[in-house]
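Novice: In case you want the letters, here they are:
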Amino acid sequence: MQRESAIREPLILGHKTYKDITDDVVGPIMGPAPLGWKIMITISSIIAIYGIVSILYLLGTGVGVWGLNKTVGWAWDITNFVWWVGIGHAGTLISAVLLLFRQKWRMAINRSAEAMTIFAVIMAAVFPGIHMGRIWLAYYVFPLPNQFGSLWVNFNSPLLWDVFAISTYFSVSLVFWYVGLIPDFATIRDRMVKPLPKKIYGILSFGWSGRAKHWNRFEELSLVLAGIATPLVFSVHSIVSMDFATSVIPGWHTTIFPPYFVSGAVFSGFAMVQTLLLVMRKAYKLESYIHIKHVEYMNIVIIVTGSIVGVAYLTELFISWYSGVEYESYAFINRFSGPYSIAYWTMMTCNVISPQLFWIKKIRRSFIATFILSIVVNIGMWFERYVIIVTSLHRDYLPSSWGEFIPTATDVGIFLGTLGIFLTLFLAFTRFFPVLALNELKTILKSSGESYRNKQVK
Amino acid sequence: MANNKKYWSGLDELDGTEAFKEIQAKEFQEQIPVDQFLADERHSSTTTGRRDFLKFMGFSLTAATLAACETPVIKSIPYTNKPAEITPGVANYYASTYYDGMDYSNVLVKTREGRPIFIKGNTSKGIGAGKVNSRVIGSVMSLYDKARLDGPTQNGISTTWDDIDNAMTAAVSGTGRTVVLSNTIVSPSTLKAIETLGAEHVQYDAISYSALRVAQANAFGVNAVPSYHFSKAEVIVSIAADFLNSWLSSTLYAPDYAVLRGPERGKQSKHFQFESAMTMTGTNADIRTMIKPSEEGKVAAGLLAALKGATVSNLDAGVIKSINAAAKSLNSSKGKSLVVAGSNDLATQTIVAAINQQLGNYGSTLDLERPSMAYRGDDASVSNLVKDMNSGKISTLITYGCNPSYDLPNADAFNTGLAKVKTSVCMNGVADETAIRSTFVAPDHHYLESWNDLSLSSGRIDLVQPTIEPIFNTRAAQESFLNWSSSENSDWYTFLRRQYNASYTSDAMYSDSDWNSAIHDGTMTGNDLPESPEYTAAINTSQAERKVASVKGGSFELVTYVKATAGSGNHAANPILQETPDPVTKVTWDNYVTMSKSDMDSMGLNTYIAQEDLGSVVKVTVNGKSVELPAFMQPGQKPGTIGIALGYGRGSNGENIGQAAFQTGEKGEHLTQASGLPMPIGANAYPLTSTSEGHTIYANYDVSIETTGAEYPLACTQIHNTYMGRESVVKETSFDSYLAEAGKEKGEASWNKAHRLNVHEDTNHDGVIDARDKKTTSAFDLWHSHPVEEVGHRWGMTIDLTTCTGCSACVTACNIENNVSVVGKDEVLRHRDMHWIRIDRYYASDFSLEKGEEEGVGVIDSYGRMEDPSENPQTVHMPMMCQHCNHAPCETVCPVAATTHSNEGLNQMTYNRCIGTRYCANNCPYKVRRFNWFNYKGYKKFEHVNPAHDSLARLILNPDVTVRARGVMEKCSMCVQRIQSGKLDAKKSGTPILDGQIKTACAESCPSNAINFGDLNDNGSEVRTISENNRAYHALEEIGVKPNVYYMTKVRNS
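Protein chains in written order, with the working numbering: chain A, 1 to 458; chain B, 10001 to 11054.
You can trust all of the hints, since none of them are fake.
Short derived list, chain B residues pointing at chain A, Cβ under 8 Å:
id	residue
1	A10610
2	Q10611
3	M10724
4	V10729
5	D10840
6	M10880
7	T10892
8	C10894
9	P10895
10	R10913
11	Y10919
12	N10923
13	K10927
14	R10930
15	F10931
16	V10968
Which stretches of chain A does chain B cover? Using the computed rule of at least three CB atoms under 8 Å from a CB of chain B, they are:
id	stretch
17	133-145
18	151-157
Source of the hints: derived by calculation from the structure; they are not laboratory data.
Since this is a predicted model, take the numbers as computed values, not measurements.
Heads up, the beta-carbon is just placed ideally off N, CA and C, and yes, glycines get one too.
Turn these sequences into a full structure, and let the hints guide you.
Specialist: Here it is as structure tokens:
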């Protein structure tokens, strides 16, 4: 058995036994739905339905129901896309990269972080779909054999790379998440009394029997998947950033984008994990498993990635001046002093200044402060994408074409709608799925559990 | 006989053998093994099981469903007998002539399958250069207006031609006075047809030039508007004459003006403009001076004085300086200069006549030997007519080719008089302001449906021929005249032919070869003799000078002007013209008050107009009449003056003049007035004009203006005014600095320096690698050079910024040629105009980064100040369309390869393949790509504006160009359909494509030949030659996209 230094903070608080862990995680699934959950899912479903109606209106009428125009061809659609993809970065990072680095604290958060990833990527995938003028021909982006002669996709286009990157990322994340769920589903199956849920969980657990051979395969597969998923964490957002970096538009045409986007994605992903987890730990009484140490670890990741993002912002500004390129330098001057400067300064405040507050231990170890700052960071990251996309486009090369972008109710409705769908899915997840990787947690109970730790010290 | 015939299949049948009978009785000659098949044991065990049944059901249901999913097929009906001259898919061109009382052009009408779809200039036989303008090009749209009357009406109820003829014959032959009121008729035969009525004939012009005519009559004895020859004028001084756009016969002047503008001949004409509002002509002036309308006469008098060497006073110092400079230039090119004035003030025109006489310009740059036949309207006789109508002296009034209830300055008085006329008949084609107030409407044909002869200048007859059967139950006005006068021959065509061949009969319809060739050319020589004016007669200007000196102006002065699109008001219902941006303000679909920034600031009005920055509505009051319109900040507007366009406010009483004439709202619905009637666009400014010595002055020297607090959206296609010092976008220079370096190689002259980048190699061979080692941008390339260089065709374009006047004829032509969707005001407001070609209009700014550095102004503030144009800015018009980049940024980013490069250098859109990600548009540095945000041809928002919604207006669509679906990207194709047909023609005739044989719609319609199209791989082609000129450059050269469109540095003689 692994041993940990006694002065490390324990990862599982209280006097938990293996049975307690199972009870704590599976209990809520077995019991009736709490009132709070019912209220939450009602609200989120209403928002989701509003969003779906907005999307149907868009699909029925045309992309013109958004506020886009001849100068600004992308705005909220791609902003939302990049934002959601970014959020979807934390889950895989936590489960794959931290697994490879043997970070045990990930075990309390990886399940819900990965679920969030899956749902966020689904939300992200909505936007490239609906932003198309002719979504019914969306299959043209796949290199399918066809009868149109030599017609083939354009491998030069970063949008095509996006198609591959996102779909690969989504499928690997989904498989990884699901593989982790199998032993936990089996636990639920074993405890479930009602026949129908028992049967469903039985199917979901793929006949898991808990044999040593199963555990062996499980561990090996997890490692292999972690190995596959790790490069994807970096590739997806690098490729998304190339949508901009490979173009000729000042403000987009920047080689710094791939690392800048990846760290921004991790930054926003962790913030979103914080937002969701802090609510979940209260609602499902998981204080013993997700406690301030976990939050502190994640806050440290936020400081690091937030600082990288901050450096990237300043580098961009410096290079725009240093390059001496008229258009580039104007693009950045316009960012912070032009008509969309409010968005720029919101971004700067939320993303560069606010995470630095986590240097203060009190703030870093405060649930309330973390919750507020995590929301601030997500607002900031949304504005980052908005600033990159809209302020670069609205004033590019020819001043005759300079324009403006004003969002419509449909722009707002669809964004809110994706938040609603996301929340609905996440709430459903918390209700029917084991929200903690309970079987993994059990592996660290003896090494990092508070009560056992204390025994060791004695 | 026929019944006896019998055919035999063989001898067996003939003989009727048994064997044959046996065979005949059987359906199948050979035994079919049915029993054997059914007896097969295996069949007894086969059943159609439930599963199979469900499979078949499922398959049938799916098949039936899928079959129902097919796109609807719209069947067209082929000709039973093919008309000799119509080959489906091949266009026919007919020479004709456009004249609407204002614009006059010899045109070629393109028809496809019998319907006119495009108008272009008759450049080989036309008068002057045979060019057209936006209004003439757009006129084809009005043919397909469903608001046109289908047959005659009496008091608004449809009636028959017989009834109207009976009533009118009685009325005309009755005892009361019969008057024909018309615009200036330049058709000799029409005048004769009107003469047969034996009625008085009063002519007037919506925009009157009577003072100019009277001034010529007083001075030289010829009561006519002179013919102007701008192509001979090295120095042009225009006092508020918008001669490139609307003044007199501007279609003739614009091409002539361009002739002397190109600097390559070592000289460039010099153009002075004195004006209040910024006109299109003013934007092209080398030296533009702002004056008040009340000062126009004083400027003319000052110029005359300066020419005589006297000192000028009574005006601002800046104006006097310009007058002296103009006088100096004029004196140095006597006989090769031209002074024109837009004012309809007799004193001013008298002085201008004296100036031209003094300079010896009569007989050279303007003449009265062959004067213009247009603009013979007499303001005074119209005033008398209105008086007589009101006093009940007129019993019958026939209005023809004019809309006096709308465009007379005293239209109210006219309308009350009209009610007192016993029988009134209006010949207009739609139920417009005059028509609904007349007893009868006898709708005339559209000009594309009629025969006519026109003579703009004596000695020349231009012919109008029908290009389509009349669509509605209309009748040529002339035929109506002939009917009502009970002439012996009431057939207008016969009447017309007999004017030229007295013995013509319908039997000889096609046998007159002279007539046939005249019809083919659209023109023939007339036999009237030239006038003999006395150019030397002394002109006494002292009285005129006293009069102009006595003109006093108020705190605000108003000028009215004519827009390049709306004209005098007759194009109000034309959606294509309404959506063509005004060349100066870039506003579409609207009328507004142009004001200077300083005046607007002092009144607290909003000077920045954009989607959510609305215009502030002001109330302009003149003599108790007022209009409320939004104010528009116009750089170059003289402070203390305002400008309002004429030709708006049509249909204010709900007249059905066409649905595009009314305002549409956010959902495309017609907005309504408080009274429930549809809301007209803008307001009618004719009542705001004033009168001097019986002549209508299109200005008012004392108006009051007040804020109303209301706001109104203005749909502008360009909301940013300056080019922010971006010299790789616009290159301009003065003529002097051009001349100093005219001999330099391309890329070397200071005014067109090639962009160079530092390299880490010793390019200048001085032994060290330093900042002086540079290479041109063409040395840096990510990509291989495009294979079309020097192989096959490489289509390209050159655009001369020096001669481009911004007139926007190319925009209108492109819209019609390429079926560009009209999207309406709300969509333009959202910056979603669909135009494939636009004209970027940049004003000069007083400020620059360099100036900011000198004055210690920060970069951010400097950029802010560079956004503001100067008070009286120089202007650049830059036509911008797809640059067909050889390294096109749009092509690399399309995920589905829907936009690709052709092997002839074209950047082409494959609409079928496009999924509408808009990435290409975002990545286009020139922002020329247009996205189909909606289904413009079907979505209800566009039903009042988009012609494709209406089964009649849809006929204007060019069948050679796809109507784009919702959700696809589109852009300039360099009229690939024309390239293709040109190539086919060349292939059929077995000759190479000659330079100039293929022309894009924009190049073809450009009055000043600023746009050229051709093959850049053809060594001798004009585009190749121009592209090698040292003024040629690529816009945004340094980003390395290698366009196939070259711009020519603008040279200004200032």
